[in-house]
Amino acid sequence: MKNKVFNSFDEAVADIPDGASIVTECWGTTGMSQNLIDALVRKGTKNLTLITHNLLPTVLKLEGIPSANLADLLPQLKKIITPVVGIQQLGAGAFVKDYVEKGLEVELTSHGTLASRLYAGAADLGGIYNPVGVGTILEEGKEKRVIDGREYLFEKPIKPDYAFIRGHKADFYGNLVYWGVYRADQPVMAMAAKCTIAEVDEIVELGGIDPEHVVTPGIFVDRIVKVPEDAMGSVKITKAAIGKIGEIDFIRKLLFK
Amino acid sequence: MKNKVFNSFDEAVADIPDGASIVTECWGTTGMSQNLIDALVRKGTKNLTLITHNLLPTVLKLEGIPSANLADLLPQLKKIITPVVGIQQLGAGAFVKDYVEKGLEVELTSHGTLASRLYAGAADLGGIYNPVGVGTILEEGKEKRVIDGREYLFEKPIKPDYAFIRGHKADFYGNLVYWGVYRADQPVMAMAAKCTIAEVDEIVELGGIDPEHVVTPGIFVDRIVKVPEDAMGSVKITKAAIGKIGEIDFIRKLLFK
Amino acid sequence: MKEKLDREVVAMRAAKELKDGDCVNLGIGIPNLCANYIPEGVLVETENGALGYGPLVMQDEIELADQHYTDAGGRYWKPIPGMALFDIVTSFIMIRSGRMITILGGLQVAENGDLANWNTGGGALGGTIGGGMDLAVGAKRVIVTLEHTTKSGKPKIVKECTYPLTAKRCTNTVITDLAVIEVTPEGMVLKEVAPGWTAAEVQELTEPKLIIAKDLKEIDLV
Amino acid sequence: MKEKLDREVVAMRAAKELKDGDCVNLGIGIPNLCANYIPEGVLVETENGALGYGPLVMQDEIELADQHYTDAGGRYWKPIPGMALFDIVTSFIMIRSGRMITILGGLQVAENGDLANWNTGGGALGGTIGGGMDLAVGAKRVIVTLEHTTKSGKPKIVKECTYPLTAKRCTNTVITDLAVIEVTPEGMVLKEVAPGWTAAEVQELTEPKLIIAKDLKEIDLV
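Residue numbers (the working numbering), protein chains in the order written: chain A, 1 to 257; chain F, 1001 to 1257; chain G, 2001 to 2222; chain E, 3001 to 3222.
No lab work stands behind these hints, which were simulated from the structure alone. Note that CB positions come from ideal geometry on N, CA and C, so glycine has one too. Keep in mind that a hint or two might mislead.
Covered, in the sense of this in silico footprint (three residues per stretch, anywhere, with C-beta under 8 Å from a C-beta of chain E), are these stretches of chain A [as the list claims (entries may be wrong)]:
no.	region
1	122-130
2	169-181
3	210-217
Derived pair list, reagent style SDA-like, types lysine to any residue, alpha-carbon separation capped at 20 Å [as the list claims (entries may be wrong)]:
no.	chain 1	residue 1	chain 2	residue 2
4	E	Lys3004	E	Glu3204
5	A	Lys97	A	Ile137
6	A	Lys194	A	Pro66
7	E	Lys3140	F	Gly1149
8	F	Lys1236	E	Asp3066
9	F	Lys1002	G	Gly2021
10	E	Lys3168	F	Val1146
11	F	Lys1061	E	Arg3075
12	F	Lys1159	G	Val2042
13	E	Lys3078	A	His213
14	F	Lys1142	A	Asp148
15	F	Lys1002	G	Val2042
16	A	Lys46	A	Lys78
17	A	Lys79	A	Glu107
18	F	Lys1244	E	Asp3066
19	A	Lys159	F	Gly1149
One chain only, chain A, in its complex shape (with noise of 0.2 Å):
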């Protein structure tokens, strides 16, 4: 049987080079492949395409708490594709702002047009026709057309060379659960991208996980490495993160009711 389990996130990103473009998963800090983030900023792979929900604001980090946090990889970035440039609250905004002004080049796009896209690149398609940014600063370069007396935005499928995902366990086919909304963007994401690294709780045996509730099956996973206990992003630190959150009082605010 082929093995995909690499032993470690350096091992699983060596062959990434200068230029690639590269999707992964971002809401707040849930869901991040936060090892293989920091395998490829170890790295230095220069020139990046990042297409990511959302850059993690970096505040969390200042204030010492052990959060995954994507924005580490700005200074390696030509262009990210996003739907969210940063939390205003969290002044993610300006941090952003002065890569922009140093030449990092930002498409923006809604969050389901992004879905859509990264569709049209796995089932292969040429473009898709969309209703959503008709009207706004998104059609900016766009070719308009009328299909059925409405309003579309001619969007290009997204292809992506790697995906980074967050899975829960995988078997050695790389059969693939997730946990509650972690799943979010990485479905879609492992399926568009060339080639797959999942970074995951656990790794089990084949049969370890019931057919009928594999999630992304295997032959979307190339390469597989299991996050250790004191890693960053494994449940433990988390756990012990959230605990930290709940001390910062604005941050408590924003994030509980």
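Add chains F, G and E to chain A, keeping to what the hints say.
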């Protein structure tokens, strides 16, 4: 809590008007919503557009096997959109031909294109550029466009009025799981249709389906009917049918190794 | 000056628009506050992939917070039986296929239903699009909640939006701290006013000409 | 006349193209027969939504047949650990995203790789498209298995297909009862011939001019 459970198949299809479009599953005899189809045959609704992967071979019925049969709906159809008009070995092509001569319109498509068009309908897209069918008879009447050096055909979304789907378990919100390859087209059909009617083996309490295992969230399911144990398509009847199929030599050779 | 409704009351009034069987996605701002007043049988959706989940975790129950159960704004919620978890492709099909009601915040709403709610004018980096445009275009009903005027008293309900748009002609109902307004093909119809306010007083703080509903009444939370 | 390989042997030779870690979708006809000869570590996919499933149910074990576990051709298979079940959207993404190898049957293959395999000329009703066009366009490698000639001895490997096409320029490898041929930008390269046959004899039954591989060898099943 809004009640989605209907007590009979006839009630569940009672409001379907002449001229409606209906998408339903048919892979041979697996995954069919036979009881909803039978109810629609009883109702006699006319000028229907049927979207389906397949039309069931009639031969099983001729042989007296208690098996699902979508072909019963043929006299009520104005149009079919399908990748499989009939299975030649079972004589269904000839069967459909009679109806075509009497005015039935057939729109051929590939199965993957059908999946993408249903996705496009569900995701509210105006159209897609599809690489499949270029250079074939499926080109006829379609816009062709070169995108990044490759040819694509423009395909319209499919947004049927009704989906008849076959689930395994449903809870009271309509959250659904399937069983084996009965899943197939059902999830995307449920999402693309304006009104989705499900026939299921079992209806369970809220909590009877693990939230992580839900395949079709309840928002996509408008009506639910339980398949009685002695009805067509129930596990009991289907087992009996397989036994009978095994007695007919030429089908046996077709379906068993 | 007469008193306007407070944000919590606006949220309560907006939540009254929902009924048993509805699925709703709540935006940032006043809509967040609606979470506490959702009628029974209404399922709440979050675009990061959950529908029909339980109440939010309160500040004094932080030990219940689980990173795997958060909404699109990063707030923690409690899992309950009957909820469903799914990916963003499914989530945005829910949102775009006309099955969802959405309650959104707003910076400006125009007479024709145009909505501006994502960007105060800082260019591409001036705000967060997220799933807001998808909700505005795709939802079967868009309810916008906002304060009737800016802090300096300028109308937020305008003839034409000056802030970058979220979507064109998308708003169905506007609920403010002064009024409930329906957007119709004939124009904006004033349906309800805050207690103690007259239609004329609301009109004064509103840029487009309002059509006064025949059955105009006071905003009522029952 | 010299003996050609039988269908079972063609299937065995085709299955030899697969290696550990490959995922393969098998079409109707000779490809069906490959199922018995799939090397270890190769996962078989069926477009109705299963990958990595177990062996087919044999005629003498009908009691194992379960309607919930069938392939696209309606044949019953046995579930095994490690398999995955999914819907057609996921299935056709697998097929179209260049991750799958497919072994298809063929009516005709043209010099440039054009494939005709769905329709013998009866118009729209003349055949079954199913997922065949998706496989031909989307698979990372298309292996076509067919008899080298029609029953009346006419070449099926032709300069241009006369039957309705499945897809243009899609075929990578042709495996027949006489030869293994690679489709390259320079033309069709004859790589292997059936035992006892010469390149010239194969050429005689083939319409396009074949390029003879330097390392031409006999078809070998080991």
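Going down the list of hints, with the structure as the test:
1. 122-130: holds (count 3)
2. 169-181: The restraint on the region 169-181 of chain A holds, since 4 of its residues have a Cβ under 8 Å from chain E and three suffice.
3. 210-217: Check passed, 4 qualifying residues.
4. E:Lys3004 / E:Glu3204: Since the Cα atoms of E:Lys3004 and E:Glu3204 sit roughly 14 Å apart, the hinted pair holds (cutoff 20 Å).
5. A:Lys97 / A:Ile137: holds (18 Å)
6. A:Lys194 / A:Pro66: violated (31 Å)
7. E:Lys3140 / F:Gly1149: Holds: E:Lys3140 and F:Gly1149 sit about 18 Å apart, inside 20 Å.
8. F:Lys1236 / E:Asp3066: holds (11 Å)
9. F:Lys1002 / G:Gly2021: holds (5 Å)
10. E:Lys3168 / F:Val1146: holds (15 Å)
11. F:Lys1061 / E:Arg3075: Measuring from Cα to Cα gives roughly 19 Å; hence the hint holds.
12. F:Lys1159 / G:Val2042: Violated, at about 26 Å.
13. E:Lys3078 / A:His213: Cα-Cα ~18 Å, so holds.
14. F:Lys1142 / A:Asp148: Status holds; Cα separation ~15 Å.
15. F:Lys1002 / G:Val2042: holds (9 Å)
16. A:Lys46 / A:Lys78: It holds: about 8 Å lies between the C-alpha atoms, which stays within 20 Å.
17. A:Lys79 / A:Glu107: Roughly 8 Å separates the two Cα atoms, so the pair holds.
18. F:Lys1244 / E:Asp3066: holds (13 Å)
19. A:Lys159 / F:Gly1149: Measuring from Cα to Cα gives roughly 16 Å; hence the hint holds.
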